[in-house]
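Using the hints, position chain S against chain G.
Residues per chain, in single letters:
Protein chains: 2
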Amino acid sequence: MLTLFHHPLSPQSRYVRLILGEYGVAVRLVEERYWERREEFLLLNPAGELPVLVAEGQPAVPGADIIAEYLEETLPAAEVPDRLMPSSAAERVEVRRLTRWFNDKFLAEVSGPLVLERVLKRYMTREQGGGSPDTEALRAGRHNIRYHLAYIGWLARTRDWLAGEHLSLADLAAAAHLSTMDYLGEVPWNDDDAAKQWYARVKSRPSFRPLLTETLGGLPPAEHYADLDF
Amino acid sequence: MLTLFHHPLSPQSRYVRLILGEYGVAVRLVEERYWERREEFLLLNPAGELPVLVAEGQPAVPGADIIAEYLEETLPAAEVPDRLMPSSAAERVEVRRLTRWFNDKFLAEVSGPLVLERVLKRYMTREQGGGSPDTEALRAGRHNIRYHLAYIGWLARTRDWLAGEHLSLADLAAAAHLSTMDYLGEVPWNDDDAAKQWYARVKSRPSFRPLLTETLGGLPPAEHYADLDF
Chain G
1 MLTLFHHPLS
11 PQSRYVRLIL
21 GEYGVAVRLV
31 EERYWERREE
41 FLLLNPAGEL
51 PVLVAEGQPA
61 VPGADIIAEY
71 LEETLPAAEV
81 PDRLMPSSAA
91 ERVEVRRLTR
101 WFNDKFLAEV
111 SGPLVLERVL
121 KRYMTREQGG
131 GSPDTEALRA
141 GRHNIRYHLA
151 YIGWLARTRD
161 WLAGEHLSLA
171 DLAAAAHLST
181 MDYLGEVPWN
191 DDDAAKQWYA
201 RVKSRPSFRP
211 LLTETLGGLP
221 PAEHYADLDF
Chain S
1 MLTLFHHPLS
11 PQSRYVRLIL
21 GEYGVAVRLV
31 EERYWERREE
41 FLLLNPAGEL
51 PVLVAEGQPA
61 VPGADIIAEY
71 LEETLPAAEV
81 PDRLMPSSAA
91 ERVEVRRLTR
101 WFNDKFLAEV
111 SGPLVLERVL
121 KRYMTREQGG
131 GSPDTEALRA
141 GRHNIRYHLA
151 YIGWLARTRD
161 WLAGEHLSLA
171 DLAAAAHLST
181 MDYLGEVPWN
191 DDDAAKQWYA
201 RVKSRPSFRP
211 LLTETLGGLP
221 PAEHYADLDF
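These protein sequence lines map, in sequence, to chains G and S. Going by my numbering, the first residue of the first sequence is number 1, and it counts up by one from there. Going by my numbering, the first residue of the second sequence is number 1, and it counts up by one from there.
Bear in mind the hints are in silico, worked out from the structure with no lab data behind them. Quick caveat: nothing in here was measured; it's all calculated off a predicted structure. Treat each hint with caution, since some may be false.
Which copy is meant is left open, because identical chains are indistinguishable; a pair holds if it fits in one copy or across any two.
Claimed, not checked - The calculated lysine to any residue pairs, modelled on SDA-like cross-linking and capped at a C-alpha distance of 20 Å, are:
(1) K105 to G129
(2) K105 to L43
(3) K105 to A47
(4) K196 to L184
(5) K121 to P220
(6) K105 to P46
Just chain G, same shape as in the assembly (with noise of 0.2 Å):
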């Protein structure tokens, strides 16, 4: 039985645990608060950060990215036949992109500081980073998601998916990051029609299901927020 160490607002984890339910892989969750640095979480990833996969017996397996080339390795191909990897080098390439595109900085532009300012400062203490939002960064936040929205609709436009022909890793990170800013209400839908679709068509993949079911007490999401139809 794999454990993931996750948030459930950390777009990161929501990468990984859409990856397992692609594959039907079942995994217990421990829900990490990794800005109190728990000693034994940082023995299992000295970086300190979300998430991190732990099969019993195994060296644990930190970060989304790394997680993803593990599964991709070693779950046998014969049980999941439909790869979110492609094999040919080049469309490796551009899945390879477009996953570090939303990891990255999608991330470092617009969900990172979000989750953080409207999320995770309630439940920081003043000495972990705690407080009340920096209204500059969400002002930052909140300009850049407009451009990475028009950049999947883009993408949408051009492809049957993200990244190519078949559903693959890029979906899943973009949607996990996208899902995140969903539920806080701070997708601007109306700026682009096809990222909207292709994100619907992501939504309503029965991986998708554990993501829309879960709610933070004394913060609810956005009222369309699992809405198959929004």
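For chain S alone, coordinates are given in the frame of chain G:
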């Protein structure tokens, strides 16, 4: 023939040059002032970052980690028998963990800010972010490098190479970032003898030679930079 868009003091560009050097793969280097956001370069890598590898007639491969995975997957095993990525799943996790440690964390906390403040700002216009160095950023980078050097020293005392028994991508990533700091005379070598001995071993490899003989006009390297017995 491969082409690598790089910058001489970009740590991630150096990382890819070391991999190509270890594998004996010839490459044509093109220096890219990526902060100028040249349109043709943005077509190769919409993220606008270095390095980018281009094989004739193939789509561009953007980003150090993606280039490393691409080379591992496409270079024929017969031509390069000593791989920098081990074959077991657990060892691959450790190599990727440390590679990301340096390419993400060391970059964010040390080499990114120090190269920006001390080198790139000289070449940037004020609109591009140029100007005099931010002393607070310099101070933070110089503070952080001590923790990273201690971590490298701890790894080097515990293992033959940073990720285990063999030279791997993790050593090249760490050495690439450290080499830019060493060029600028920013490594407190006396802090950690094990880290210094490990670096001396990597530095004396033939793949390192091209990095040690290049200098930037107007910004000579620290005196001991090219010295194998520093």
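Hints and how they fare:
In this assembly of identical chains, the alpha carbons of K105 and G129 lie at most 20 Å apart only when taken from different copies (19 Å versus 22 Å within one copy). In this assembly of identical chains, the alpha carbons of K105 and L43 lie at most 20 Å apart only when taken from different copies (17 Å versus 27 Å within one copy). Taking identical chains as interchangeable, the C-alpha atoms of K105 and A47 lie at most 20 Å apart whether they share a chain (19 Å) or sit on different chains (8 Å). Proximity of K196 and L184 under a CA criterion of 20 Å is satisfied intra-copy only: 16 Å inside one chain copy versus 48 Å between copies.
In the homo-oligomer, the alpha carbons of K121 and P220 lie at most 20 Å apart inside one protomer (16 Å), although the nearest pairing across protomers, at 45 Å, exceeds that limit. In this homomeric assembly, K105 and P46 come within 20 Å of each other (Cα to Cα) only across copies, at 11 Å, whereas the closest approach inside a single copy is 22 Å.
When held up to the earlier numbered hints, the structure conflicts with none and fits them all.
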